[in-house]
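Hints in hand, dock the two standalone chains.
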Amino acid sequence: MQAALHDRKIQLALLLLPGVGYLLLFFGGPLVSALIGSLRLDDGSFTLQWYERIFTRVTMLRGLQTSIYYGVAPVIVSLLVSIPLALLIRQNFRGRKLFNGLYKLPMAVPGIIVALMVIIMAERGGFIDRVIAPFGVSMPKLVRDEWGIGVILATVWKQIPFMTLIITSAFAGIPEDIRHAARSLGASRLNTFAFVEVPLAMPGITAALLLTFIGSMGSYAIPDIVGSPSPRPLSVLMLFEFGEGRFAQVYAMGMVLSLFAVVVLLAYYALTANIGVNRTKGDE
Amino acid sequence: MSELEISNITKDYGATRALHPVSINVEQGEFVTILGPSGCGKSTLLRILMGIARPSAGEIRLAGTRIDPLPPEARDIAMVFQSYALFPHMSVGKNLSFGLRMKNVPKPERARRIEHALEICNLMGLVERMPRQLSGGQQQRVALARAIVMQPRLLLFDEPLSNLDAKLRDTLRQELVDLHRRIGTTSIYVTHDQAEAMAMSDRIVVMDGGRVVETGTPLDLYRAPTRAFTAGFLGQTNLLTADADGARARLPWGQLVTLSAPAKGIARVSVRPETIAIRQDEMGAGTVTSVSFMGANALYTVGIDEMTLKVSQAGGESLIAAGSRVSLDFNGALHLLKDRDLPEAA
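Order-wise, the sequence lines are chains A and B. Just so we're aligned, residue 1 is where the first sequence starts under the working numbering, counting upward by one. Just so we're aligned, residue 1001 is where the second sequence starts under the working numbering, counting upward by one.
Don't take each hint at face value.
What the hints assert, rightly or not - These stretches of chain A come out as covered by chain B in the derived footprint (C-beta under 8 Å, 3 or more residues):
{"hint": "1", "segment": "177-188"}
{"hint": "2", "segment": "191-200"}
Claimed, not checked - Here are some chain B residues pointing at chain A (derived, C-beta under 7 Å):
{"hint": "3", "residue": "1066"}
{"hint": "4", "residue": "1069"}
{"hint": "5", "residue": "1073"}
{"hint": "6", "residue": "1083"}
{"hint": "7", "residue": "1099"}
It should be emphasised that the hints constitute simulated quantities derived from the structure, not laboratory data. From a predicted model like this one, the values you see are computed outputs, not experimental measurements. Idealized CB from N, CA, C, for every residue including glycine.
Looking at chain B on its own, in the form it has when it is part of the complex (with noise of 0.2 Å):
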């Protein structure tokens, strides 16, 4: 039995439907993210675990316990907020002690889970200030302080830094998933960021227009994503048709690869740009159309058959010009997808 267990939510509103039958297992103690675009639903499941909305059909197990008919402050959950949700008449302190009060725990239990939290969120020394005085990410680290110190079963994060510069972000990143390996509490991560879920998660649950797309480990994800919109979302990807037969296949400008797996006819696949090589030859399928040198690596587009590619060239010694002729290698099998349409290139 997992520590959560959504099983077959959907929600409804009117004549459209936001979620179509969703079910995620989450294992105790895991960090799992919830990545998607907007409006893909994510949010609305969100909601719906809180106990702010209510599913139209299906359950939610927490620890075994149905919580779904529950209001949220039954719930054993909670909640770090993107736009933090300090109460802004009340101090750090008082912010923090609102929800041990609310669920009357004694005042020497509060104190010392008050101590503790604002230690391990680096809060010392802040008690007193009232919300307005603090920075955004001190804030955050306060709206974190306050859902830890109620120990619940569950955290939930809505994507918790993206009010956030991006270096503060980092840090805060890092700091979130070194508390999480601290505390271990069973998290649930919402972010459209996907550098932001492949650093921070144990799992990613991929989610597109209110249905699950497909769920992993970040590196399963990234390496071997089996739906073409997983593929383009998480990092860059260069999606191709080719015809199979077998583990051999042909790409459109008749070059000969390997697939995967086997496959007859028509077979799409996920190239990343990292796993070209790219060669300059006068007798080249392709043109380079662009070239931007990022430094680490260069980036370079690629003109073939009236298709363009994407190609990452990490170490070179010197960059192509554009314009010239050049032949793409693909090292290993190119990842088949199990898509039946192919969508426009990510």
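Bound conformation, chain A alone (with noise of 0.2 Å):
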């Protein structure tokens, strides 16, 4: 036992065992436990039957789709709106510490809360329309609708601050002078902004693209209360099967889900190997 312990091999196991260990117990195992029951009848036999249908039913396929557009659109229009926003909070202008309090809000509010919002809000006979109502003009379909609307609007309201929080500090973390050598060169604001500043955000940029769109490409409350009946993306329809008792196709979408949040993380690292992420600092 005392020899054991001054072996180099041992020490550094025991020394990882509280990290590694972790990981491997509340990440590794679920999800390994996950892939073993997505693999197995119920007589415990070899089955690939879970994936097959994933990529042969029509319903599953569309949910796929769907899962993916839920992930992808949202992310777009928070990133058009977020990227103007960072660049606006980094001006001077009044009230502008409140609005800087503001804005983070929607990050405080359940998923959940805000489909039930944009519900009252946005439907039919909700709140905006009988405000327009006197004035001769209707809501279009928003909630429901084939396009996702409501999901995307919901989506958007929640991403929206995050995405800003992290897009600002990206941008606040290029140095002053990198900006004013640029302009020095002759470059406008918008120049400046187009070739210097966007590329050396962009490791801030697409991160926030990623975490924001893994989370509303596995999101269920907002698709499932503002999202169109038909199609329904993986996360709705894996409720669905949980319900009906067929715990191994859940475990096979999982799988399929976080196969694709796994596939944009290691773009994501490709992507982001190159660019500005070591910063010139001079000699210290």
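See the structure below:
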């Protein structure tokens, strides 16, 4: 026992145990058990049928497409709002402090509340509809519509603060001198932004994209409440399968969703490996 | 008409005034250093010249054209930053071509200018490197090349050597001087390092508290400063008062000296340590309180009549021990200052 403790390799293993052990137990464990569960029939024999169903059944395939759509579309809209917002926050204007505090508020609101809020506000016969009715206008169908506008609205509302927060700090991390250098070399504000600031903020921007994409692709409450009844995303279908007691199917769907998230993550690493991560710091 | 005319530029931040009316003229091809301690307004002035800060009043003309209302990109000015400010996501070559592309310089011309800049800045073979793969000295050379490739009317330097170690600083300082001699671009160099200012400049503008204190060649400012601040900031000095009557004056301990200009009553003088001769003398008025042997010279502090004087003696055969009685000889006329009040000896 004493001798074993003096062994360098054993020492290392013991020291790493709290960190690596935790990861293995609480992340690796469930993942592996889900993977095994997704490959089993009730009698315990091996099968790929649960995966086969995902890629052959129409509801499942459309569910996968919808999941990706619900993941990508809100992220694009959020990005288009967040970048200008991040630039606005950088400026000095009256009420900046108040705005700075307020815009983060949606982060604290649970998805289910946001979904219900969108229904109350934007559904036909909802709040906005009744306000504009006297003017002879009525709301287009925004909730449970086939384009998932309601889902996009609700998700965007929740994503923008988070994305803006990350992007703001990405821009703030660019040394002022670099901006000034670009200007003195003849670049207008716009060119400085496009050729210097955006590339340098890219690691932050892509991180924000990635995190919001994974969140919105896997979200359940919003698509279930304001999403179109058909097609439904995998997350919603998963709960349905769970209700039917087909756990192996639920595992398989979960694996497929996770696989997508991992692919996006790897793409992120590949994209950011070469840009702006290493900042010039001079000699210190 | 001067190449650069800075006329009555002021800068207020709220109620605090960072620059009192400042006027400086720079001739074409001149290398002018703005020297002063931190907070003296030199950086503010540089930011205004560059166009990233707006002056509160006054005007700036470059080659006769008023530039103070123009944005930075419309001025024919390039700047070398203390932090180098290279674009970290661009190779050396891309860093150099950035400005030229922004100003729509045609490609063959671009290539020619970049080639030239790389050569004179000693950067051949580094075109493909990313800034993070370069040493501090190389990065600063790239920053310099990036500025001169623009062939600007005016080059600005914001303490470009202060992030480098002492040895590299000396090398690059000499390279900068040589470079300026070769390309002859009108240059303004901001620093708080008096040695740098004296070694490099055609002319030095000394600033303090948002004001120009004094302007002159390094030699004039060192030998004949008119302000105690200049005397104290450019090298070491002894600031004394003397009771003047014409060209003759009496130092507080009774010694009679000659003044550089006639005065009446209490006169302020600056005496460089190396202009004082020290001599061991049992009857002398001073006492050596400490000796530092520096190699080429010895630096003595001498207590005399409740004052402390710095004396530098070069080429002495032997050192005078601390505690010895000494007498001081002032060779030549003592330099008269124009200040009304004498600050504490610097």
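Hints, one by one, checked against the model:
1. Residues of the segment 177-188 of chain A lying with their CB closer than 8 Å to a CB of chain B number 11, which satisfies the three-residue condition for coverage.
2. A count of 5 residues in the segment 191-200 of chain A with a Cβ less than 8 Å from any Cβ of chain B is obtained; the coverage claim is therefore met, three being the minimum.
3. With a least beta-carbon distance of about 18 Å to chain A, the hint placing residue 1066 of chain B at the interface is violated under the 7 Å criterion.
4. Violation of the interface hint for residue 1069 of chain B is found here, the shortest Cβ-Cβ separation to chain A being roughly 15 Å, above the 7 Å cut-off.
5. Taking 7 Å as the C-beta contact cut-off toward chain A, the hint placing residue 1073 of chain B at the interface holds, the least distance being around 5 Å.
6. Given the 7 Å rule on beta carbons, the hint for residue 1083 of chain B holds: about 5 Å separates it from the nearest Cβ of chain A.
7. Checking residue 1099 of chain B against chain A: minimum C-beta separation of about 3 Å stays under 7 Å; hint holds.
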